[in-house]
Amino acid sequence: MPTALAARAAKPSLPVARQFLLPTAIFLVLALLPVAAALSAQQYLVDLATRVMVFAVAAVALDVLVGYGGLISFGHAGFIGLGAYAVGILSAHGIGDALVALPAAIAASMLFAWLTGIVCLRTKGVYFIMITLAFGQMIFFVATSLAPYGGDNGLTIAARNTVAGWALMKDDRAFYYVTLLGLLATYLFCRTLVGSRFGRVLRGGKDNATRMATIGFTIRRFQLVAYVIAGGLGGLSGFLLANSTEFVSPAYMSWQQSGELIVMVILGGLGTLHGAILGTAAYLLVEEWLSGVTENWQAIFGPLLVLVVLFARGGLLGLSSMPRGRFFGGVGNG
Amino acid sequence: MAEPLLRLQGLSKNFGSLVVTDDVTLEVNAGEMHALIGPNGAGKTTLINQISGLTAPDAGTVLFANDDVTALPPQIRALRGMSRTFQISSILPGFAALENVALAVQARSGSSLRFFGNAAAEPALNIPAMAALEQAGIADRANVRAAELSDGEKRALELAIALAMQPRLLLLDEPMAGIGREETDRLVDLLLRLKGQMTMILVEHDMAAVFALADRISVLIRGRVLTTGSPADVRADPQVVAAYLGEQVE
Chain A
45 MPTALAARAA KPSLPVARQF LLPTAIFLVL ALLPVAAALS AQQYLVDLAT
95 RVMVFAVAAV ALDVLVGYGG LISFGHAGFI GLGAYAVGIL SAHGIGDALV
145 ALPAAIAASM LFAWLTGIVC LRTKGVYFIM ITLAFGQMIF FVATSLAPYG
195 GDNGLTIAAR NTVAGWALMK DDRAFYYVTL LGLLATYLFC RTLVGSRFGR
245 VLRGGKDNAT RMATIGFTIR RFQLVAYVIA GGLGGLSGFL LANSTEFVSP
295 AYMSWQQSGE LIVMVILGGL GTLHGAILGT AAYLLVEEWL SGVTENWQAI
345 FGPLLVLVVL FARGGLLGLS SMPRGRFFGG VGNG
Chain B
708 MAEPLLRLQG LSKNFGSLVV TDDVTLEVNA GEMHALIGPN GAGKTTLINQ
758 ISGLTAPDAG TVLFANDDVT ALPPQIRALR GMSRTFQISS ILPGFAALEN
808 VALAVQARSG SSLRFFGNAA AEPALNIPAM AALEQAGIAD RANVRAAELS
858 DGEKRALELA IALAMQPRLL LLDEPMAGIG REETDRLVDL LLRLKGQMTM
908 ILVEHDMAAV FALADRISVL IRGRVLTTGS PADVRADPQV VAAYLGEQVE
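Chain order of the listed sequences is A and B. Just so we're aligned, residue 45 is where the first sequence starts under this note's numbering, counting upward by one. Just so we're aligned, residue 708 is where the second sequence starts under this note's numbering, counting upward by one.
Please note that a few of the clues may not be correct.
[Unchecked claim] Heads up, simulated SDA-like pairs for lysine to any residue below, C-alpha to C-alpha not over 25 Å straight-line:
1) A:Lys250 x B:Asn825
2) A:Lys214 x A:Ala81
3) A:Lys168 x B:Asn825
4) A:Lys250 x B:Ala763
Just so you know, these hints were derived from the structure itself, not from any lab.
Same shape as in the complex, but just chain B (with noise of 0.2 Å):
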């Protein structure tokens, strides 16, 4: 359990004389939910792209299931087992919901490069999308274009494509953000049901979905990191609260 599946090794990046990632050093266990706070541009984001490859780092290395990947494009480290979620919904608007989540199966049963056949009636393709909706909760929704779905449900079809990719380490940056508090609710029972089948890292200002879901917690602050523990700790923690936690739990 204990062997750590990402581990992020002096991290550093700077966006002009701004230092957004500062030495971070960090183990995330396999199984576990790692949740990564801290107040806006503390550069959460920017290490989460670190983490899946969107943004290269200045230094440090990030190592995946023991492999160095610091040198991966992130079609390569979605390929290994790493899938995200952004921060704003990023779908295939002109897509329906269905073949969104298809073309998440499609990358990794075979090859692409098949030029006949309608890839929109390929079951092998269909049923395990449908079954990856159902999960999410929008399976009714199918057949409508990802484009007109409203924003819970972008967010629930942004699960679900990343759920299709069976991923090892699943990246959810705020998943709640700009979504009801009813659909908060059911996507907090979903991560907990997902719980200890994947390694999951979770960016989140809602506090009350952290402490019920994470398993550690580590605050950054500027760019560092200034603590990593258990909930308990991490609320209990003087710096935390001054940094932090003062502004967000009344």
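Here chain A stands alone, though its shape is the one from the complex (with noise of 0.2 Å):
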């Protein structure tokens, strides 16, 4: 009997050729993106997609906790400006080495996480919304206070970030690569999470807590190793964006920032992961666009977002299988 079992069991869900198709597709035309960019020689389009690289960082392990764990985090952006200010801060005092920089800022937004965390998770639904946003105001305001810090105004970082001393950032197109890797290491490493035992729990809890409680899972627990996952990888995305900007402002960890975060995740497809990347870029290239178009770009993009989320309600991914599934009648796609 076990044998019989054990191959029924194994049977896969999905076709995982087809599921890998479109996150291979996202990081192989990243990963040639410089090269089209010095063929055309459109300089922009690789600090522009760098951008891009750098946020959807954070929006990925959003996704982790909004999408597969149902937290939704409004205060996602502080552990981005905590990630930032550590290597402004370490910079400042003369500490430019990433070998520092980088652990300092995703332990100060892990520490962050679990700190805060462990308060927030006490409350549910619309409470734990407003306990996020409320920590993350609190860290904009000792931002904004950090006198010798640049206060309100932010702080210039003489230079970006060595690696043992080599001065491997300082190309920006060196910079896109490492940028690259941070990406694709964090996207692999949710990937893995997701699918994995404690993904499942994650998972669970989202679906339904009370079950989750009544087979035996203290979900809470759960909850908070993810939020300071996320929060590390927000630390991260952190570190990346002092250094490609080299500077660092409370304006990255605004409440505004962090729900663009939100939005940027729901755009792409909520509980994808990779739809947060695709969320990010349509968010930022839209918004670069509009931009240029007119001043009150605002005023356009409101209305559009209004549109995705009524009708692409599992975002651009979801827009992208809604027509197969209307006129072949779906597969199982409820």
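Dock chain to chain to rebuild the complex, using the hints, since each chain is given by itself in its own frame.
In structure tokens, the structure reads:
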């Protein structure tokens, strides 16, 4: 009996090849983009794509919380800001090496996530949104009052971090690939995470918390670990952001920035991870394009977002699979 | 045999001015199938909730295997050997049936703080899960999303989840509610086969099923235990007939 059962049980629910097609395509395009930019002499594309990837790191991590854990964190930009300030403050004291700055950025964000997560996860639903927002604002106002480090005006970083003394990230194209590596590592880590035992418990807590308790899981403990992990990845995003702009500012952790991250994740398609990358790209590219067209670009961008949320409930990824479902009857794509 | 696995002592619960559990003292023996019957609003589900830990009593104690578990949360009671089904099936709708059960296996097979390795491909989780589905009679639906199962299949899935936990005490809250005659018969057969392997508390309105299954029956009226006894004694009790069975049995 066990062998027959095992054979049936091991049957995968989705064709593996199709599942990995889109993520592979996304990373392939990102890997080749600097070459295309060089050939067409459009250097600004590299800068723009770097910005997309920096925020995509934070958005993918946020998707783990929102899309898989059902935890709508409205203070995620706080972690980005903490990571960025770790780079900025260390640099102001003459410590400009990534071997120190990167662990410091991630550790600071994880510590903050752990301390605030213990409190935030005592609440649910709207209250969770409000309390994460409150902690995000708290860290924002702390940053604005840091007079030695620029306060409101922010802090200019003398130079990008070196890596063990080597000015690897000085060149924009090299920095691009460092950022791509960061995004790829984040994506692969999160992809493994959501399919692991841990990820399964996290997803179960989103689906039915009462059931999870009655089969023996203390869900809050798993949610706290997820919150700390997502916080740490926010710190990684902040590390990359500070190095890319060579500047840190309290604006990085504003509640608007947290809101934009949530929009990016929803725009791409919740609970997909690579959707968060697409959503970030779509958001930043449309913002870039519209702000070139008109000064009042937000008047166009706002309604555009409303349309996406109304008509593509699965975000951009949902949009791509919708016509198939409509015209060919759809295969269990509820 | 006669050693009680579960002991409720002076359990009381009010919702505002409404008394839902009124000084309930009850012993459930190891290995027995103990049915809990009574009219709607008698406080049966609230009592089950207090046993499983979802509702805290205002007074009284819950003793499980001679340990006071009154203050323990539901997840700890689950790990000590209590599992339950709900009046309205409580499953993970977005998960495949197999994954629903595999999670219950996972809860008691090592740490779940594992961040690597694909849980869906772990034979150590899937084989026992598949066996539980087989036992509940829905093995052929293993890869279907739980949300897409019929009401009867959801009930069977919930039972498979509970069985996969290998409980010492199984709490069944109206397992026959809202399912067809045929599925009810199948469920009664399954419970008859499980009888003796674990202690069970069955809350049910289907009197045919209750009298076919129960070793002992407690009758709950307005939060109080009216009487506890064998099916024959309960059926013959004029108090019970007047208060409840009169309207149930023609």
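Okay, the hints, checked on the actual structure:
With a C-alpha separation of about 19 Å, the suggested pairing of Lys250 (chain A) with Asn825 (chain B) holds against the 25 Å cut-off. This hinted pair checks out: Lys214 (chain A) and Ala81 (chain A) have alpha carbons roughly 18 Å apart, not beyond 25 Å. Note on Lys168 (chain A) and Asn825 (chain B): the hinted pairing is violated, with a Cα-Cα distance of about 29 Å set against a maximum of 25 Å. For the proposed pair Lys250 (chain A) and Ala763 (chain B), the alpha carbon gap of about 24 Å is at most 25 Å, so the pair holds.
Comparing the model with each numbered hint stated earlier shows that hint 3 is the single one that does not hold.
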